[in-house]
Amino acid sequence: MIRRTIYAVLLAVFLLGAGTVWYLFRPEKAFIDDVVDEPFPGEVSPSPASTGVE
Amino acid sequence: MFSRLTFATLALFIAGLFGATQAQEKGSKVLAKGEFHNADKAGKGTATVYQLADGKRVLRLSNFATDNGPDLHVRLIAADDARDTASVAKAQFVELAKLKGNKGNQNYDVSKDVDLSKYKVVSIWCNRFSVNFAAAPLKVAK
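Order-wise, the sequence lines are chains A and B. For the first sequence, the working numbering gives the first residue as 1, with consecutive numbering after it. For the second sequence, the working numbering gives the first residue as 1001, with consecutive numbering after it.
These aren't lab readings, by the way, just hints derived from the structure by calculation. Where hints are given, some of them may not hold.
[Claimed, not checked] Partner residues aside, some chain B positions facing chain A, computed with beta carbon under 7 Å:
id	residue
1	Val1030
2	Asn1068
3	Lys1100
In this text, a Cβ means the ideal position worked out from N, Cα and C, and glycines have one as well.
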């Protein structure tokens, strides 16, 4: 019974520590996984609104 | 099925796209251009260095795509090509910026000091693991 309690406490401490480390470093934020669509420099991106048809 | 208004809208939209593309090229000049190829990861798209009307130089990645990864950067490499990591690791380089996205169209300023006859390859470089994801050898326009 005591051994089971010790394991439970150790597991809780481990999970808490792992969660804290993850929160501090956020490794997934360093990952670049984005779609960007910049217009040509100095140009406005074309859109249907610019066709003049109302 | 298409109404006249729909047809006219589509025609004007396509004409607008065509006109916008031509307008892009009006005030700018292509200095160098190349296609991305795979290196240690997959990569595709076009890399073009433009000189804008105001003299500023810009590297534009168009229809670009590479694998996602940590801490990716855009570098110009002093080499003829860079098909693996080793060829980039031993070459001189100029760091342009952190990669804005692993897909899409994007622009990066190129300093006037950068000699395009020396730095002839665009590399997508992973700083975290020192890996050359993809590269585009540039051909200087004449």
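So which of the earlier hints does this model not fit? Those not satisfied come down to hint 1.
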